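> Could you slot chain B onto chain A? The hints should help.
Taken in sequence, the protein lines are chains A and B. Going by UniProt numbering, the first residue of the first sequence is number 1, and it counts up by one from there. Going by UniProt numbering, the first residue of the second sequence is number 1, and it counts up by one from there.
If you are wondering where the hints come from, they were derived from the structure by calculation, not from laboratory data. Mixed in with the good hints, there may be bad ones.
[To be verified] Here are some of the chain B residues that sit facing chain A, going by a computed Cβ distance under 7 Å:
# : residue
1 : 331
2 : 334
3 : 335
Only a predicted model underlies this, so the values are computations on that prediction, with no experimental measurement involved. For each residue, glycine too, the CB sits at the ideal point set by N, CA and C.
Here is how the chains run, residue by residue.
Number of protein chains: 2
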Amino acid sequence: MTERFSFQLLARDGLARRGEIFTPRGTIRTPAFMPVGTVATVKALYPEQVRDAGADILLGNTYHLMLRPGAERMARLGGLHKFMRWEKPILTDSGGFQVMSLSKIRKINEEGALFQSHLDGSRHMLTPERAIEIQCLLGSDIQMQLDECIELPSERREVERAMELSLRWAERSRRAFEAQQASGAAGQGQAMFGIVQGGTDAELRRRSAEALVAMDLEGYAVGGLAVGEGHDLMLATLDATLPSLPETKPRYLMGVGTPLDLIEAVRRGIDMFDCVLPTRNGRHGLAFTWNGPVNLRNAVHAEDTSPLDEASTCPAARDYSRAYLHHLIRSGEYLGAMLLSWVNTAFYQELMASMRAAIEEGRFDAWAEETKARIARK
Amino acid sequence: MTERFSFQLLARDGLARRGEIFTPRGTIRTPAFMPVGTVATVKALYPEQVRDAGADILLGNTYHLMLRPGAERMARLGGLHKFMRWEKPILTDSGGFQVMSLSKIRKINEEGALFQSHLDGSRHMLTPERAIEIQCLLGSDIQMQLDECIELPSERREVERAMELSLRWAERSRRAFEAQQASGAAGQGQAMFGIVQGGTDAELRRRSAEALVAMDLEGYAVGGLAVGEGHDLMLATLDATLPSLPETKPRYLMGVGTPLDLIEAVRRGIDMFDCVLPTRNGRHGLAFTWNGPVNLRNAVHAEDTSPLDEASTCPAARDYSRAYLHHLIRSGEYLGAMLLSWVNTAFYQELMASMRAAIEEGRFDAWAEETKARIARK
Chain A
1 MTERFSFQLL
11 ARDGLARRGE
21 IFTPRGTIRT
31 PAFMPVGTVA
41 TVKALYPEQV
51 RDAGADILLG
61 NTYHLMLRPG
71 AERMARLGGL
81 HKFMRWEKPI
91 LTDSGGFQVM
101 SLSKIRKINE
111 EGALFQSHLD
121 GSRHMLTPER
131 AIEIQCLLGS
141 DIQMQLDECI
151 ELPSERREVE
161 RAMELSLRWA
171 ERSRRAFEAQ
181 QASGAAGQGQ
191 AMFGIVQGGT
201 DAELRRRSAE
211 ALVAMDLEGY
221 AVGGLAVGEG
231 HDLMLATLDA
241 TLPSLPETKP
251 RYLMGVGTPL
261 DLIEAVRRGI
271 DMFDCVLPTR
281 NGRHGLAFTW
291 NGPVNLRNAV
301 HAEDTSPLDE
311 ASTCPAARDY
321 SRAYLHHLIR
331 SGEYLGAMLL
341 SWVNTAFYQE
351 LMASMRAAIE
361 EGRFDAWAEE
371 TKARIARK
Chain B
1 MTERFSFQLL
11 ARDGLARRGE
21 IFTPRGTIRT
31 PAFMPVGTVA
41 TVKALYPEQV
51 RDAGADILLG
61 NTYHLMLRPG
71 AERMARLGGL
81 HKFMRWEKPI
91 LTDSGGFQVM
101 SLSKIRKINE
111 EGALFQSHLD
121 GSRHMLTPER
131 AIEIQCLLGS
141 DIQMQLDECI
151 ELPSERREVE
161 RAMELSLRWA
171 ERSRRAFEAQ
181 QASGAAGQGQ
191 AMFGIVQGGT
201 DAELRRRSAE
211 ALVAMDLEGY
221 AVGGLAVGEG
231 HDLMLATLDA
241 TLPSLPETKP
251 RYLMGVGTPL
261 DLIEAVRRGI
271 DMFDCVLPTR
281 NGRHGLAFTW
291 NGPVNLRNAV
301 HAEDTSPLDE
311 ASTCPAARDY
321 SRAYLHHLIR
331 SGEYLGAMLL
341 SWVNTAFYQE
351 LMASMRAAIE
361 EGRFDAWAEE
371 TKARIARK
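Next comes chain A alone, as it looks inside the complex:
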């Protein structure tokens, strides 16, 4: 694994980009959607199903994995890929977001984030250096800097403070990652991305982006969105942020989103996404299809023998009746969650493949309008 991490743009259509991220573990076709494997499993799916759905990369959550099974233990077990039987690339977040959203108490200071595990109350300190160390122990291909995610709306002064702290943490993360590479604990095929913060304030976003770009990182994420600000404000923030990011590096919109979110973000030049929506909604009985979302809990499906999509290549969408899916979801059966998580994971990958083809063929806007009319109800 001496080959270098790299990104290549293959086509553009307006601001939308079709590219490839090269890693020694495999090539990631962009725009890419990363299924979320929170605790080393994409919930209710076998790894082969995620792969066969077309995912080139998945996401693991540092917060969860550092608590269970633990980073050092994972390293002794041979790393996250081997542990969860996923040979392709894995991106890990830094743990920062879950520290804010899940842990019991936390104290953020210049040094890092002190928190208590939501599992057993144990205390942990997550610093930029430790977040990188953990991600190296996991064996993550694309690592994220530690950042501070704040709730929106917040006062501008608070947003600015967190953004500036995140920049200082980005610099420390960069140095920590380079030290890991220098020591051989990380390879040249692994990369670390910075995270643009700044809430929905265009000027703060621009400053954040420019400071990160000055660090010459391998990729740039837009963080701190999809936290309740709404679709339009999220897009406006992308419009304000993306011009400050270099064409030559991948751009990752964290934690997003609905099919409509993905389409509009790709239109603006985003290359990567992750979101729990396909699997979480699947567990709750909501299926994404090319004819719009279908809530299988609804009684209207109780005697409907048609499948969700008879033209789908996903067996879960093609071979099982809506009546059966309705019954499984109503009954709280494992198989309901299994089938609908599969349907949605496959749909999200089909959606990305369709976007990639539309960009290659220079018809993204027409594709987007047509597709939104069909599927992208929010």
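Okay, now just chain B, sitting in the frame of chain A:
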């Protein structure tokens, strides 16, 4: 589907029997273990996994299915096989056992069992005739008479009363099933089995068996066991019961059991079993293997990179590390239940296949002693 239901003995070894039950939906190799598909799904498994594990037949629960999705609805949807995508034979119980164990209130009288749904409190009357009608609406290949299952230990007078009521219900069930066949609602390839009752009282069991045999049914089940009487008393009851049953008909021990139970019951001449143990234990982290049971919750597995059984043909037993299974079970993840239910369902089918081969080769006793030493810890 004009072919008749039939049973053929292919080999004997002592009292153990190797046979085949023929149904228009497929041949059932006996001794057979039927995975339990309670509410039209074998929990946490895709139907293909159950089939590929080697199951020739599975069991559906009339009580659950009559409440949700409902028998008439199931018939409108094309029957249980189509609904759950299982083309091979299905045996359904009569609902009696769950009425006793699950429903809120019940009143048993000569006519049948009045109960309230555990789901919504709705009232239902289950008579022998209605139990058969429901099973025909589901499209069950092997149907069971309604019987009264009582708790053990009970006073002999109470056991006798329930046994005699079950005999009268058997006769009504037989007439109801024949009427369904005469009307075309059931085919000649479908069958109805009677259920021997009588607790652990040898004389009551004998009387029950003889009365059922006089009805000339297509098969005979031993019911009312595995309700807490213990392994030895269960086997003693089989010893007292099975000589009264004809060699020419299949014998089904209901709701049993552990690997040791299965081996000892086959040794005594039982042909069919069903039990939730493989899937329920799997969900709880207990794996059955050829080297004995493995409790994946135990911390000893936390850094064990070996699979449960590298020689297994079941991917779940062969390809995933114990450390990963431990992590999934500890984390309460779907995939833990999915993998261990798969492991156990495959193991039970391997166990039955191994028993069938041992009987064919006339070495059942030697096989049983060797196997028990390896695997059959209670």
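> Compare the structure with each hint and give your call.
Tested hints:
1. 331: holds, 5 Å
2. 334: holds, 4 Å
3. 335: Check passed: Cβ of residue 335 of chain B comes within 4 Å of chain A, closer than 7 Å.
When each numbered hint is compared with the structure, no violation occurs for any of them.
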